[in-house]
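Number of protein chains: 2
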Amino acid sequence: MNHSPQTKPDYERELRRAGVRITRPRRVILDILAATEDHPDAMEIFQRASSIDKSISLSTVYRTMKLLEGMGAIHRHAFEGGPARFEQASGDHHDHLIDLDTGDVIEFHSNRIEELQDEIARELGYEIVHHRLELYGRRRKAGNRK
Amino acid sequence: MNHSPQTKPDYERELRRAGVRITRPRRVILDILAATEDHPDAMEIFQRASSIDKSISLSTVYRTMKLLEGMGAIHRHAFEGGPARFEQASGDHHDHLIDLDTGDVIEFHSNRIEELQDEIARELGYEIVHHRLELYGRRRKAGNRK
DNA sequence: CGCTAGTTGCAAACGATTTGCAATTGCATT
DNA sequence: AATGCAATTGCAAATCGTTTGCAACTAGCG
Chain A
1 MNHSPQTKPD YERELRRAGV RITRPRRVIL DILAATEDHP DAMEIFQRAS
51 SIDKSISLST VYRTMKLLEG MGAIHRHAFE GGPARFEQAS GDHHDHLIDL
101 DTGDVIEFHS NRIEELQDEI ARELGYEIVH HRLELYGRRR KAGNRK
Chain B
1 MNHSPQTKPD YERELRRAGV RITRPRRVIL DILAATEDHP DAMEIFQRAS
51 SIDKSISLST VYRTMKLLEG MGAIHRHAFE GGPARFEQAS GDHHDHLIDL
101 DTGDVIEFHS NRIEELQDEI ARELGYEIVH HRLELYGRRR KAGNRK
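So the sequences go chain by chain: A and B.
Taking the working numbering as reference, the numbering of the first sequence is continuous, increasing by one, and the terminal residue is 146.
Taking the working numbering as reference, the numbering of the second sequence is continuous, increasing by one, and the terminal residue is 146.
If you're looking for bench data, these hints aren't it; they were derived computationally from the structure.
Glycine is no exception: its CB is placed at the ideal position from the N, C-alpha and C atoms.
Hints may contain errors.
Negatives, chain B to chain A, calculated, CB over 12 Å [to be verified]:
| id | residue |
| --- | --- |
| 1 | R17 |
| 2 | V20 |
| 3 | T23 |
| 4 | R26 |
| 5 | L30 |
| 6 | D38 |
| 7 | P40 |
| 8 | F46 |
| 9 | Q47 |
| 10 | R48 |
| 11 | M65 |
| 12 | R76 |
| 13 | D92 |
| 14 | H109 |
Covered stretches of chain A (chain B as the covering partner; in silico rule of three or more C-beta atoms under 8 Å from a C-beta of chain B) [as the list claims (entries may be wrong)]:
| id | stretch |
| --- | --- |
| 15 | 66–77 |
| 16 | 92–102 |
| 17 | 117–123 |
My request is simple: use the sequences and hints to build the entire structure.
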């Protein structure tokens, strides 16, 4: 059994170490997250979970997401409009470009931008705890020169 | 009668031109917005409005904000956690630094960052429609050198 | 295998925002 | 100034995403 492109962390181990019980619902949700490449919202996770175990409730999905978020295992994003979307925290830091037409989320990173952010905060007398950079755009059509 | 630091636009004129009726509730809300320097949420605007005219309803505040947003007269911000906060669109573009301890919002702008954003989007084959850059931080204490 | 605290599903509660509807009111027209 | 009608309002109820109280259930230590 091999693993996916991005680092797939052993959540169960992490959870156990944190003194959290590994229940059946949690195992199912964890598996789903580990196998996920996109940024699903709670309802999507709930549906994927339901197809594996009909008895899992939406509340449990929410509770588990909150738990994992608290542990730093996942990140919660509140993109414009829609419900919160989640992603594994395992990879390295990145920001998001959201396709306004499809809702697709593309990850990107810019050290330069981060540096500038720090610089700006410092000048204002602040220390950045975290930030949020989201670009909302549309695919450039072939004809769109200029 | 003179005007405040930032450009205070003549909303009534703008609205009339857009074929929108100037009602009493709207006039009150418009005055509040014109006199506002911060980033109030709907409830705050509602309260300020109520103190002028008890009959104004929260629904009307929401409806008016949506109307103004649609006209591009105000911007709606969904900062972490809390309810949407509004600000006049009159000034020039800027991003926000939110003080995690006080909730204060500080405006800043960086051409360099905007350029980098465009560049990144272009490389990914996208055209930015709008973006959202929020820094969440804490005041640096005097002793916090480095 | 039994015990107990941690977890669950359910339904109800929540906060922010939107909406249906009947009553009201701008305002263009006489 | 009086008329007419569509735009707008206040209210209450509805909506959406998310959280919570509670009694039943269960992981996993001993």
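So, going through the hints one by one against the coordinates:
Every Cβ of chain A is farther than 12 Å from the Cβ of B/R17; the closest lies at roughly 28 Å, confirming the non-interface assignment. The non-interface label for B/V20 is consistent with chain A: the shortest C-beta to C-beta separation is roughly 24 Å, beyond 12 Å. The claim that B/T23 lies off the interface holds: its Cβ sits roughly 28 Å from the closest Cβ of chain A, which is beyond the 12 Å cut-off. Look at B/R26: its CB is around 25 Å from the nearest CB on chain A, clear of 12 Å, so calling it non-interface holds up.
In this structure B/L30 is separated from chain A by more than 12 Å, as the shortest Cβ-Cβ distance comes to about 26 Å. Every CB of chain A lies more than 12 Å from the CB of B/D38, the least distance being 17 Å, so the non-interface label holds. Its beta-carbon lying about 20 Å from the closest one in chain A, B/P40 satisfies the requirement of being farther than 12 Å from that chain. For B/F46, the non-interface assignment is confirmed: its Cβ lies about 22 Å from the closest Cβ of chain A, beyond the 12 Å cut-off.
The claim that B/Q47 is not at the interface with chain A holds, since no C-beta of that chain comes within 12 Å of its own (minimum 25 Å). No Cβ of chain A comes within 12 Å of the Cβ of B/R48; the nearest lies about 27 Å off, and the non-interface call holds. Under the 12 Å C-beta cut-off, the non-interface status given to B/M65 relative to chain A holds; the minimum distance is some 15 Å. B/R76, annotated as away from the interface, has a beta carbon of chain A within 12 Å; the closest lies near 10 Å.
Consistency note on B/D92: stated as away from chain A, and its beta-carbon is indeed over 12 Å from all of that chain's, at 16 Å minimum. Some Cβ of chain A comes within 12 Å of the Cβ of B/H109; the nearest lies about 9 Å off, and the non-interface call is violated. Check on the stretch 66–77 of chain A: 0 of its residues sit with their Cβ under 8 Å from a Cβ of chain B, so the three-residue criterion for coverage is violated. Under the rule that three or more residues need a Cβ within less than 8 Å of chain B, the assignment of the stretch 92–102 of chain A holds, with 3 such residues.
Check on the stretch 117–123 of chain A: 4 of its residues sit with their Cβ under 8 Å from a Cβ of chain B, so the three-residue criterion for coverage holds.
The structure is inconsistent with the numbered hints 12, 14 and 15, although it conforms to all the rest.
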